[in-house]
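Participant: Given next are the chains, with one letter for each unit.
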Amino acid sequence: MSNPVSDGYSPTELLVCTAARLMTDKTTAFIGTGIPMLAASLAQRMHAPNLVTIFEFGGTGAIFETLPMAVGGECTFHRAIAAAGICDVMEAAQRGFIEYGFIGGAQIDPYGNLNSTVIGEYYHPKVRLPGSGGGNDVGSFCWRTIAIMRHDRRRFLEKVDFVTTPGYLNGPGAREAAGLPPGTGPYRVVTNLAVLGYHLESKRMLLLATQPGVTVE
Amino acid sequence: MEVIQSGIGQLIQKPDLNAFREWNRQKPKALIDKRMTEAEAIDRFVYDGDYIGTELYGTVRCPMSLVNEVVRQKKKDLRVVGQGVFELDMLLAASLVKGMDITYVGLEVYGVSNVFRREVESGRLETCVEWSNAALAWRFKATAMGVPFVPMRSMLGTDTLKYSAAKVVECPFTGDPICLVPALILDVGLIHVHRADKFGNAQIDGISGFAAEMARACKRVIISAEEIVDTEVFRCHPDRTIIPYYLVDAVVYAPFASHPGEMCYIHVRDEEHIKQWVEASQEPATTQAYLDKYIYGVKNHREYLELVGWERLERLKAMAQGVDNEQPCI
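Chain order of the listed sequences is A and B.
Here the first sequence stands for residues 748 to 964, where the numbers follow this note's numbering.
Here the second sequence stands for residues 2 to 331, where the numbers follow this note's numbering.
To be clear, the hints were calculated from the coordinates, so they are not data collected in a lab.
Please note that a few of the clues may not be correct.
[As the list claims (entries may be wrong)] Taking CB as the label site, the calculated pair distances span:
hint, chain 1, residue 1, chain 2, residue 2, range
1, B, 279, A, 771, 33 to 39 Å
2, B, 279, A, 873, 49 to 55 Å
3, A, 810, B, 284, 37 to 43 Å
4, A, 772, B, 279, 33 to 39 Å
5, A, 917, B, 289, 42 to 48 Å
6, A, 773, B, 110, 25 to 31 Å
Just so you know, even glycine gets a beta-carbon here, dropped at the ideal spot from N, CA and C.
For reference, chain B alone in the conformation it holds in the complex (with noise of 0.2 Å):
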């Protein structure tokens, strides 16, 4: 195949699809009891300069209980999917992120993330790789169907496609031009879920964002869990299991774990609480204070929700609409 056009950004992770294959035949397929703390967890399974992935994003189904406790235990020089709001946000605001596979880091509504901003623009994150939000998606395909990359027909002609590192080829078949992302392997992957077992096994409620895609493409998988149920609950409902527990390398127990984001059916997003973010952050010193009096100045998850306090808590989850009527099992 002739390569027509090569993107001059750096692809920061190499597709080692066969280091990649040993790697998950080593991996214990045994019914092992991973129930952990978030500090134990991160502990163990995140190590500085890691590629770290966080699923959903931003304000949605967010893995924030942990992404807190990275930045508590200051793990540095990582890399990241940029595909966020609110985890992504800490991480910066950290200043724990040296590389970054971005598509989109906003706030949304509320327009430019101000911490992304200080990053790039002061060179502190030193490398950022442009891809679509399709491009990062199909990137996770391509390591869950364990080939080196995927070919899509978006990116072609743009300055996204120049600053990624994607490869624009003739196709073999067709002889149209045809661009071609690669493989994406994360060291770990960091998912929030309504509920899991205590070997790992888990189900989503609702939209599925990457999380399939995502879990397969990871070395190691931290799973976060609004709610720990009997194994028997997967057993009941098979075709329900969007992570099978032996890509899983830790559970923790942790509701409310997306706050302030929403989970849905069950609480909605703290909106007063995201502003009160969206403010702090404009500024490098209320950004620390921020961080001071969430992060770094409470123990672990437990303390922040006592320190965001549960009446308010139980506001958010008294206005979530739309509950799933369904039960799981039985």
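Just chain A, same shape as in the assembly (with noise of 0.2 Å):
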């Protein structure tokens, strides 16, 4: 694919609309710092502003007002309808009460796994990464999965270097066989260049869309 041509917009700006697209109104978020923080943002502007905004340390239902640096940030509860803690929030999760969730990593393969947190071997990592935090529940709870990701072929690989976050693993079935919650699994991957969903059947990763510019090579 080639680059998008710039009008106006930067590539951040890009996914932010793109992903505030995908939050639809009167339903719950799982939102981690960053993008979907801005994309929340918006979607609660334009069309969703009934979105029930969840972050990982407890805030749930905020108004934002302004933009958190940080997932404990006083804005993730600011006039919220609960300032929780951690257990309350993945324990909802883990309940279904979480339709969407928002994540990172480093890498993603075809069935939607994650890497956040080695690039490398693991015992002799290149570049040792943060790790899971949030992103495993995450990506294991939530109903629907939303990766949000730069589109380069150093994060696209046919393989991750470790599976930090649950995609549909080896494939069809996979994740009911570990024991994940049945239903469950990534939904979109939302990049700079495309929109990508997931093939019914086979789960692997198919492109729906490109963004304004972009042509698939």
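Dock chain one against chain two, each of which comes alone in its own frame, and use the hints as you go.
Facilitator: Structure below.
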């Protein structure tokens, strides 16, 4: 795919707008810092005023006025419904209360498995990354997981170095066989070049749409 | 129950709940004035080789004044709960950490932690065991419940589980595979709160993170507080006590103890100072210079605050929004 023609907006703004359109009103979404946060803020002002945002350290149903730099920051529970704790939020996710989960990673494979732990071999890593954090839980519990990624060949791989967060693992039925809650899993991948989904049967990633000005090569 | 899979990560703290019960039985239940300085609290209650936990994390309600004192006293060979940003960066920068149950160590919007990378990639941090965020929170919860493990439905099918010390078993009730995570008993927990009384009763405003669970999973707890209040504040609103006094060993009066992190409703985070650390942490020499200036170069938290400057701190205070209008008492 070729690079998009910049036309008065940045690649980040494009990611934010695309992700915001995937957030529907009157539903719940697990939000991480950065682009998902900006997207949720935009969605709340546009088409989803009743979007219930949930942050892993306890913020539930905040109304955004400023943008937080941390998932536990004050803005994550500003005028919120509840300022709870991590167990409360993770237990709600495990009970099936959270529809969308927004996550990122350094690498993704065709089944939507994500790596945010190490580049290279685990015991002698080339780069040690931060680790799962809430990523693994979001990818396990949320009904629909949306990955937000910068699109390049170092990030989209046939096999990731480490499966931090489960996608469809190694194919159809693998999540259920592993014991993950049925009916959950990757839904979309939003990148600066495209929006991708997953084939209903093979569970492999497929192209749904290209971003403006992008062509499939 | 049949064990289907065992994580290959090391169980770096054994969940001996019978010993924990004995420990809790002998903990003083009398109302004792536990106020002391950071120096005394860390000297008396943190030992070399201890397994320590900090709460909340990184840039939010983080117990920096206590962590800085641990660094100043060079408590070594520590094992820690790896959920953090700034506080763990300080311990890692001083090479005090030998083992870690990690879920996330990074600088959030500023990316990967430079000191964490150096400690892992050089092998100085000998043991890293992977977990998800919920797994660590529920490991505290298991200890708080007094049981050796809790079942959970994430981690399954991933390398996060493979490199953890969790186990997958066939659930005796449903027959489905389920992940079991072991109770995590901490030697000492460091928690910064909005207000405490001299006995150790504590209230937190805003999100509570995992304070309630972690405080109940520790053999020793050191509380630092923005404000020391009369016990009457707790007696008027007992529903707001998140940590009761009998869990607590030391109470330290420490305003701005989360600096450069934020303390909700009181002050915002110090972005410039955080950037200064992100910059300094890139090279070992500048990392050392930062520690020399802000930790080793000052005697205590008071001197640290003076070094940062009261004018700057007052500015961070003025920028705090969403002030809590509800008074704790009366």
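Participant: Hint by hint, note whether the structure agrees.
Facilitator: Tested hints:
| no. | hint | verdict |
| --- | --- | --- |
| 1 | B/279 / A/771: 33 to 39 Å | holds (36 Å) |
| 2 | B/279 / A/873: 49 to 55 Å | violated (21 Å) |
| 3 | A/810 / B/284: 37 to 43 Å | holds (42 Å) |
| 4 | A/772 / B/279: 33 to 39 Å | holds (37 Å) |
| 5 | A/917 / B/289: 42 to 48 Å | holds (46 Å) |
| 6 | A/773 / B/110: 25 to 31 Å | holds (29 Å) |
Violation of the numbered hints given earlier is confined to hint 2; every other hint is satisfied by the structure.
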